[in-house]
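Colleague: Residue numbers (the working numbering), protein chains in the order written: chain A, 1 to 320; chain B, 1 to 152.
Any given hint might turn out to be false.
Claimed, not checked - Simulated DEER-style distance windows between Cβ atoms:
no., chain 1, residue 1, chain 2, residue 2, range
1, A, G155, B, R97, 54 to 60 angstroms
2, B, T139, A, V239, 22 to 28 angstroms
3, A, P287, B, R97, 25 to 31 angstroms
4, A, E274, B, G99, 21 to 27 angstroms
Claimed, not checked - Covered stretches of chain A, going by a simulated chain B footprint (3 or more residues, C-beta under 8 angstroms):
no., region
5, 35-47
6, 65-71
7, 141-152
8, 299-305
Unchecked claim - Partial selection, computed: residues in chain B whose CB lies under 8 angstroms from chain A:
no., residue
9, Y17
10, V20
11, A21
12, G75
13, I94
14, T115
15, A116
16, K117
17, A120
Since the hints were made in silico from the structure, they are not lab data.
Glycine included, C-beta positions come from ideal geometry on N, C-alpha and C.
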Amino acid sequence: MNEAYEDRLRAFVGREINPLRPGQDPVNQPMIRHWVEAMEDDNPIYLDEAAARATGRDGTVAPASMVQAWTMRGYAATAAPKGGGGFDDLVALLAEGGYTSVVATDSEFEFHRELVPGDHIGMREVVESISPEKVTGLGTGRFVTTLKTYHDQDGEIVAVQRWRTLRFRPKEKPAEKRNEKPEPRALRPRPALNRDNTFWFEAAREHRLVIQRCAACETLRHPPGPCCPECGSFEWDTVQASGRGHVYSFVVNHHPRHPAFDFPMIVAVVELAEGTRLITNLVGVTPEEVEIDMPVVLDWLDADPELSLPVFRPVAQEGH
Amino acid sequence: MTASTGKPTGRAASRTYDEVAVGDELPELSIPLTRTMIVATAIASRDYQDVHHDPELAVERGSADIFMNILTSNGLVDRFVTRWAGPAAVVTAIRIRLGAPNYPGDTMVLTGSVTAKDDAGDRVEVSVRGVNALGPHVTGTVVVRLPKGENA
C-alpha cells in the first residue's frame, strides 16, 4: 500500500460514516416475534404482556441484543446500495485496496434501557480506528473499529456498541473446496489392526458381532487376544453374539472434540448377554436418559466404506 | 469448578441477585446449526449480506460455506444467559468476540459461569463461551441486573 492510500484511509478516523437516522420501522411486535422464533428464545417478556408485567415491567420489551436489528438498512439498500454516504465511501475505498470481503469480529454493547414497542431507534456511527494491514486466517485485511450510538425518538442514547469488522482480501480459494459440497466429514480414527484382532473388525464390516471362544475350554473372551486367559490355549474360534446386552458403565465425552464424532458422545461399556463386555457408543438416546443396567440392543454404524462398528441403542427403540 | 446452582430454570421463576454466587455455572445449551436456522436468523435480524444465505457467493468471498451472522451470535448469547437468569433479568451489556465461524451442519455448545457481582447495581457478570467443531465461535461476557431478593 502506498502512502497516499494510507492517508486517505486515515482521513476516515474520527469521521461520522452513518449520520443519525431513524430505522425503517419503530420497535414492533411482529419483528420481535420473527427474532425470538428464529433464535428459539422462549423468554415470555418479549411477547406475553401479562408475563412481562409480572416481572415489574410496564409491558413487553424487545430483546436487548436486537437493538442493532432496528437500524439495519433492509433488503433493498443491501441489494442495491445507493452510495454517496460516508459508510459507502469507506467501503469503496477499502475495496479499492482489495479488501472486498467483510466479517464482523467484535461487538461490545452497553444497554442503557430496554426498548419497548413504539420506540423509534436511530443509529449514528463514527470510525474509531482502521488498523494497519494484518494477515489473518481468512486473508490479509484491516480491522475497522467504529462506535455506534443508538438513540430513541427523544434523542436519548439507549445503547452504545463498539463494533469491529475485518475487511479482507479473500485468499485464493482452494479448488477442491468448491467441488466437494457438502464438505466430507473427517474419518473416524482407524482401528489398530493386528493378527489377533483383524478377524473381529472384518466380521464387523459384515455386520456380524462375534466373540472369541477358546477352542479348548470354550471360555469367551473380549477384547480379542492370542491366548485363553483361563486355560492358556492358543486355539480359538468365534461365536456370533445375540446382540442383546445392558449398559454396564458409561461416560459422556464433551472434550476434546474430534471432528469425526458428534458431541456430546456416549461411550459405554456394554455387557453382552453372553457375558463379555465391549466398549462401544450408544445411539438413539441422550446422555440424560442413559442408565446403568439399561437393556440395549445391537445396531450398526457404517462410519465409512472401510469401517463398520457395533453400536447399541435402548431396547425400547428397537425397530425405530 | 462448582456445579450449577440447584434451582431449576423454569420459566416462571427468576433468579435473584442474592442467590447467585461467583463460580456458579450455567446449564450448558447445545444449539444445532442447521442451514435453515442460519438463514432464518440472518433474515430475522434484517441482515441480507449474501454470505449468510448464498453458498456460492460465500465461497467466492473466501468462506467454506454460508455462516451465522454476528447479530445472531449476540441473540443466542442473550438467550443463553437470560434463560438461566429468568424473565426478571435485565441485560445491561453483551460483549463478544467471534472466532471460528458457525457453519451449517455443526453444533454450538454454550457454556458459562458467573465471574463477578456488583452489589451497587445488583449486576452479575457472566462469562460465556460457545464452541463448535472448529473451536470457539464466540467468547465474551454478559451483564444482567437481577431482582434483589425474596419476592422475585
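Colleague: For every hint, state whether the structure bears it out.
Modeller: Here is what the structure says about each hint:
1. At about 31 angstroms, the CB distance of G155/A to R97/B disagrees with the hint of 54 to 60 angstroms.
2. Range check, T139/B to V239/A: about 52 angstroms between beta-carbon atoms, so the 22 to 28 angstroms window is missed.
3. Roughly 29 angstroms separates the CB atoms of P287/A and R97/B, a value that falls within the hinted 25 to 31 angstroms.
4. The hinted range of 21 to 27 angstroms is not satisfied by E274/A and G99/B, whose Cβ atoms lie roughly 48 angstroms apart.
5. With a cut-off of 8 angstroms between beta carbons, the region 35-47 of chain A has 10 residues touching chain B; three or more are needed, and the interface restraint holds.
6. Look at the region 65-71 of chain A against chain B: 4 of its residues bring a Cβ nearer than 8 angstroms to a Cβ of that chain, three or more, so the hint holds.
7. A count of 0 residues in the region 141-152 of chain A with a Cβ less than 8 angstroms from any Cβ of chain B is obtained; the coverage claim is therefore unmet, three being the minimum.
8. Closer than 8 angstroms: that is the beta-carbon criterion, and the region 299-305 of chain A has 0 residues meeting it against chain B, so the requirement of 3 is violated.
9. Against a cut-off of 8 angstroms between C-beta atoms, the interface hint on Y17/B is violated, since the closest Cβ of chain A lies about 14 angstroms away.
10. Hint on V20/B is violated. Least Cβ distance to chain A is approximately 17 angstroms, over the 8 angstroms limit.
11. The interface hint given for A21/B is broken, as the beta carbon of that residue sits about 22 angstroms from the closest beta carbon of chain A, more than 8 angstroms.
12. Hint status for G75/B: holds, given a least beta-carbon distance of 4 angstroms to chain A, under 8 angstroms.
13. The interface hint given for I94/B holds, since its Cβ lies 5 angstroms from the closest Cβ of chain A, which is under the 8 angstroms cut-off.
14. Contact between T115/B and chain A, as hinted, is not supported at the beta carbon level, the nearest pair being about 16 angstroms apart and thus beyond 8 angstroms.
15. Taking 8 angstroms as the C-beta contact cut-off toward chain A, the hint placing A116/B at the interface is violated, the least distance being around 16 angstroms.
16. Hint status for K117/B relative to chain A: violated, with the closest Cβ pair at about 18 angstroms, above 8 angstroms.
17. Checking A120/B against chain A: minimum C-beta separation of about 16 angstroms lies over 8 angstroms; hint violated.
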